[in-house]
Each structure stands twice: as structure tokens, then as C-alpha cells.
Amino acid sequence: MKRWGLLLLRVSTGWLLVMWGADKFADVEHGQRVAESFYLGIGSQAIVQNVFGGLEILLGALVVLGLWRKRAYPVAFVVLLITALAVWRSILDPWGWVLEGSQVLFYPSIIILAGAMVLWGTMDQDELTLDARFG
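Heads up, this note's numbering is the position in the sequence shown plus 2, with the first residue counted as 1.
Simulated from the structure, these hints should not be mistaken for laboratory data.
There could be a bad hint or two in this list.
Between beta-carbon pairs, the in silico distance windows are [claimed, not checked]:
1) E129 x W97: 17 to 25 Å
2) N52 x I84: 12 to 20 Å
3) G7 x S39: 15 to 23 Å
Straight line, CA to CA, 20 Å or less: simulated SDA-like cross-link-like pairs of lysine to any residue [as the list claims (entries may be wrong)]:
4) K4 x V120
5) K72 x E129
6) K4 x L132
7) K4 x A116
8) K72 x G123
9) K4 x D133
10) K4 x L69
11) K72 x M119
12) K72 x T124
13) K4 x I114
14) K4 x T85
15) K72 x A134
16) K4 x F108
17) K72 x T131
18) K72 x V30
19) K72 x R135
20) K72 x W122
21) K4 x L83
22) K72 x G117
23) K72 x W90
24) K72 x V20
25) K4 x E129
26) K72 x D25
27) K4 x T124
28) K4 x M119
Note that beta-carbon positions come from the ideal geometry of N, C-alpha and C, so glycine has one too.
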């Protein structure tokens, strides 16, 4: 059960990063709005969105495949940590009872971050990866 659970966690977490990266190409304006709303406008230029998108797709693919995990997992964790910090209000107060600007749909950011921690912390136990296959 553990090996299949780690596989599902790895593929779903990595695929999320791929989708986020692809969105930066498919709808640059959406990425720019997200940067403006959650990241103080940092990286809102179209070219930066494309660069971030490409890097996110690459990172997500590495996670999905379980390749270069010793480098990819910590980077994925940092990306997902930054995302969780950007929506901290929604994590602490998902329904917006106290903190303005909360959205319950952003609450899972903390769950995704926890998943990244599990992947990183159990990387030596994940047998269904390209790293494990190729030694």
C-alpha cells in the first residue's frame, strides 16, 4: 500500500506543478493576476511568467518521474511553501470569519505542502521512481 500511495502522491503533486506551469503559457494574464494578487506583483511580467512556467513544468515532470529527487523534492517543497505562505489567510481562516480575503478553495495548499514534506522525507522508501530504477 505504501509504495502505491507514494506513487499517487508523487504523480499528483508533480502534475499540479506541471499544470501551474502550463497555465503560465496558456493564460499569461491569469499568471500575471495571480502574481499581482498573491506575490506582491513579483514576476508579473509576461517573460517572467513564461520562464517560471517552463521551470515549473520541468520541476513537475521531475517529481512525476521521480528523477533527481534529492534536488527536485526540496525545490518543489519551497515552491509549494511559497504558495502556502501566499494564501496563509485561507489556511488559518478558510471561511473568512476573521481574516478578510480568505477562500476555502485555497485551504488544500497546506495539504499539498504536507504531501511535499512526506515525499521528501520518504524518498528513500519510494521504489517506483526512475531514480530507484536506475540506482
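Consistency of the hints with the structure:
1. E129 x W97: 17 to 25 Å: With Cβ atoms ~40 Å apart, the hint is violated.
2. N52 x I84: 12 to 20 Å: Given range 12 to 20 Å: holds, Cβ gap about 19 Å.
3. G7 x S39: 15 to 23 Å: Taking Cβ atoms as reference, G7 and S39 lie about 34 Å apart, which means the hint is violated.
4. K4 x V120: Distance ~12 Å between K4 and V120 Cα, so the pair holds.
5. K72 x E129: 14 Å, holds
6. K4 x L132: 17 Å, holds
7. K4 x A116: 16 Å, holds
8. K72 x G123: 10 Å, holds
9. K4 x D133: Holds, at roughly 17 Å.
10. K4 x L69: 19 Å, holds
11. K72 x M119: OK: K72 and M119 at ~13 Å, within 20 Å.
12. K72 x T124: Given pair K72, T124 holds - Cα atoms ~11 Å apart, limit 20 Å.
13. K4 x I114: With a Cα-Cα distance of about 18 Å, the restraint between K4 and I114 holds, given a limit of 20 Å.
14. K4 x T85: Given that 20 Å is the threshold and the Cα spacing comes to 27 Å, the pair is violated.
15. K72 x A134: 12 Å, holds
16. K4 x F108: 27 Å, violated
17. K72 x T131: Since the Cα atoms of K72 and T131 sit roughly 12 Å apart, the hinted pair holds (cutoff 20 Å).
18. K72 x V30: 31 Å, violated
19. K72 x R135: Status holds; Cα separation ~15 Å.
20. K72 x W122: Between K72 and W122 the Cα gap is close to 8 Å, so the pair holds against 20 Å.
21. K4 x L83: 24 Å, violated
22. K72 x G117: 16 Å, holds
23. K72 x W90: 27 Å, violated
24. K72 x V20: Judged against 20 Å, a Cα distance of about 19 Å means the pair holds.
25. K4 x E129: Given that 20 Å is the threshold and the Cα spacing comes to 10 Å, the pair holds.
26. K72 x D25: Violated, at roughly 26 Å.
27. K4 x T124: 10 Å, holds
28. K4 x M119: This hinted pair holds, its Cα atoms lying about 15 Å apart.
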